[in-house]
Amino acid sequence: MKDQVAIVGIGQTDYEVHKPHQVLDEIVFEAASKALADAGLSRDNVESIAIAAGDEIDGRPISSMLEACPAGAYLKDEIKVTEEGSYAAVLAALRILSGVFDTALVVSWSKCSETDVTRVTGYSAEPFFTRSCGLNYLSAEAMMLTQYRNLYGLPEKAAAQVVVKNRRNASRNHLACFRKPVYEEEVLESKMISWPLRAMDVAPLCDGACALVLASAKKAKELTDKPVWIKGLGWAADTYYLGERDLPALASLRTAAQKSYSLAGINDPLAELDLAEISDVFSYRELLAYEALGFCQPGQSSELMAEGITEMSGRLPVNPSGGSMSGHPFLAAGLVRLAEAALQIRGEAGAHQVDGARLALAQGGYGFCGQGNSVFIVGA
Amino acid sequence: MLREVAIVGIGQTKYTTTRNEETYEELIFQASKLALDDAGLSPEDVDAVVLSIAPEALFGLDHPENWVVGAGAALNKPVMRISTGGATGGSAAQAGFFHAASGLFDTVLVVGTEKQGDTPDTQLILNKIMEPRYEIPFGLNAISMTAFQAVRHMRKYGTTQEQLALVAVRSRANALNCPYAHLRAKHTVEDVMKSKMLVWPLKLYDCPPRSSGSCAVVMMAGEKAKKTGRPLAWIRGLGATSTTYYIGDKLSGTTFNEHGEWDELALAVKSAYRQAGIKDPSREVDVAEIYAPFTIAEVCAKEALGLCERGQASSLEEKGHWNMDGKLPVNPSGGALASNPIAVTGLARVAEAALQVTGRADARQVGGAKTALATAIGGTYQFHTVMVLAS
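Chains A and B, in that order, are what the protein sequence lines are. Quick note on numbering: the first sequence equals residues 1 to 380 in this note's numbering. Quick note on numbering: the second sequence equals residues 1001 to 1391 in this note's numbering.
One thing to keep in mind: the hints can contain errors.
The list that follows gives simulated cross-link-like pairs (lysine-lysine, BS3-like), each with its CA atoms no further than 27 Å apart [said to hold, decoys possible]:
1. B/Lys1196 x B/Lys1227
2. B/Lys1370 x B/Lys1227
3. A/Lys34 x A/Lys218
4. B/Lys1270 x A/Lys218
5. A/Lys226 x A/Lys259
6. B/Lys1033 x B/Lys1227
7. B/Lys1319 x A/Lys2
8. B/Lys1224 x A/Lys259
9. A/Lys226 x A/Lys191
Hints listed in this document are in silico derivations from the structure and should not be mistaken for laboratory results.
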């Protein structure tokens, strides 16, 4: 894929467990304003808006009615998607690729402190069978891990190492809310909540918002000398029915990755990528993602983890930002991963910078057991 | 625009109050199959899918897009769901266009369904879209928010209830020619005037039905579309505008606009007309499928679209200007006053416009139609979309 669309502005709020002094509008406004300021663009000059939000997290039907204008959409061309944050970036990129728009402001958010997110995820279970079984994003993930255990054994230690790694990385990310390092033992001894998921295997929820400004090649060159080019992108969804999926294979992630690698001309992701920001909504999910992304063979992710390949000092740092283990703004998480990948390419990731980062992967996922996934490849 | 995109296939199901015999998935499947069959395609031919799904509160399951991946021909494919309230169908059509126009996909399926018959009371839910601190306790809902539009328009332009009634008469009579339509009737103005007053000046017959049903269109990149040999409805222009949320933001002389003046739509259609090369819409547009869930909404839309001067839509109505045999037929399908399956009402407008410009609208065909408009509206008259289709 030619360099046609670039990230030219990045804005994130602090991620906090609870933002009691700001209503959601203010949180959204903050991220959107920061991204515009970072791009050196006024709201007047942004041509299109793409937002990602969920009525069920925002607690109202058509939540974009309230949040579209704080996200910059007043008298603008705006569309909302609902999968998760990175999908707003996908749509914005398509709009620029079409040639109709040269600029796009992309915004996503979640104020998890105002809702019982776990319970709410249960309302996407179909009402005939699974709703009354108590299916939610935790219990679904637990089923997937049981399958993985049956195939390859349960990588408890490696999963705990993911948490340790990401929390250590988070200590160098001033925006993160969970920055205190943790020990493997703490994770392995934390309370069992949905076997095999322990409390510390679950990314802690937080409040926050994230925004990006995307621009066409022509406009990007006017705005910045550090455009972060979208080199590849792909997205796909697996079947809804858990029983019909080979759950641990994360097929939609593999498909999305293959599409993005193909566009970006990547043959060996482990060798060619400088870093990856991926979903660690659960500790184990990061391990499964190593496999689906082709960083290693199926069943080999714990080895990759144990060898330190994905540590900051390793060959392919994963989640230098701390990932969702540092604070999970639920629906916005994938956009945060993309923002962090972009910061890395710009060399602006501060204390959590991966030296010489020129090519990065960012992933966002949604649905039970990562039913759907998007993958971006971004680079200098 | 760099890459041309055309609609090559259309599918709609009959719109009825409830669809109790089918699941949500089955409804998505029905329209997908109809559209793909119409295009002479199979699910494998679909490169990407856009789902047109309205607020989950009208349905009772969060993220229904997850449930319908298989039914919507999206398994293992790029798929995303669009949700912009009532404008969802229009926004989804636009998103579908952008998928194809991006150059990444050749064949895009845009499909959605509405199943609001599963809820006991749509207006109870639509009260909850209002601002929670002040507006919800007032009991505001879609009907009362529309009454603001009517009151201002009547005050400013002298529009009368009888003139508004003509919109309902024309729409439900047109619907008699549309096999998918929900409410089909030969009203008289008197029938409308005698119907129950709900929120002054809006009476029952000024309002839409609660409809369920599905709609899908298949879009294709121009080069490939031409090779199909099928009748093509080209997407020549599009635009959208979102605006302020608060009802009170349109209640003074210092605001961008007032209730009854749809300047947001005027802004959106400016882009669409420019892209389509339309300079005098009142002459160059042959037919318009306008998302007008209430009689007054159609009046405001026509004026904002530049199909006539502001304040003139109703006197033109009286002259039969918008009739099937008039100068510029509006809503030959009956529009939203006949069928309002909220998640896809906007998509159905695109589908109907496409049928018109390809001469496939059967009994509701406007003779010689070559250029059509399709609009959609969402929220508190907050989200406006418009598309120009042409053969």
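Decide if the proposed pair is consistent with the structure: B/Lys1196 and B/Lys1227, CA atoms, cutoff 27 Å inclusive. violated, 53 Å
Please verify whether A/Lys226 and A/Lys191 have alpha carbons no more than 27 Å apart. violated, 45 Å
Please work out if B/Lys1319 and A/Lys2 have their alpha carbons no farther apart than 27 Å. violated, 56 Å
Holds or violated: A/Lys34 and A/Lys218, Cα atoms, limit 27 Å. holds, 22 Å
Would the pair B/Lys1033 and B/Lys1227 pass a check requiring their Cα atoms to be no farther apart than 27 Å? The given pair, whose Cα atoms are some 21 Å apart, holds under the 27 Å limit.
Given the proposed pairing of B/Lys1370 with B/Lys1227, does the C-alpha separation stay at or below 27 Å? Holds - the C-alpha atoms of B/Lys1227 and B/Lys1370 are around 21 Å apart, at most 27 Å.
Hinted pair, alpha-carbon criterion (27 Å max): B/Lys1224, A/Lys259. Please report holds or violated. holds, 22 Å
Under the criterion that the straight-line Cα-Cα distance not exceed 27 Å, is the pair A/Lys226, A/Lys259 satisfied? holds, 25 Å
Run the distance test for B/Lys1270 versus A/Lys218: straight-line Cα separation, threshold 27 Å. Roughly 24 Å between the alpha carbons, so the hint for B/Lys1270 and A/Lys218 holds.
In summary, the structure is inconsistent with hints 1, 7 and 9 from the numbered list given earlier, while agreeing with the others.
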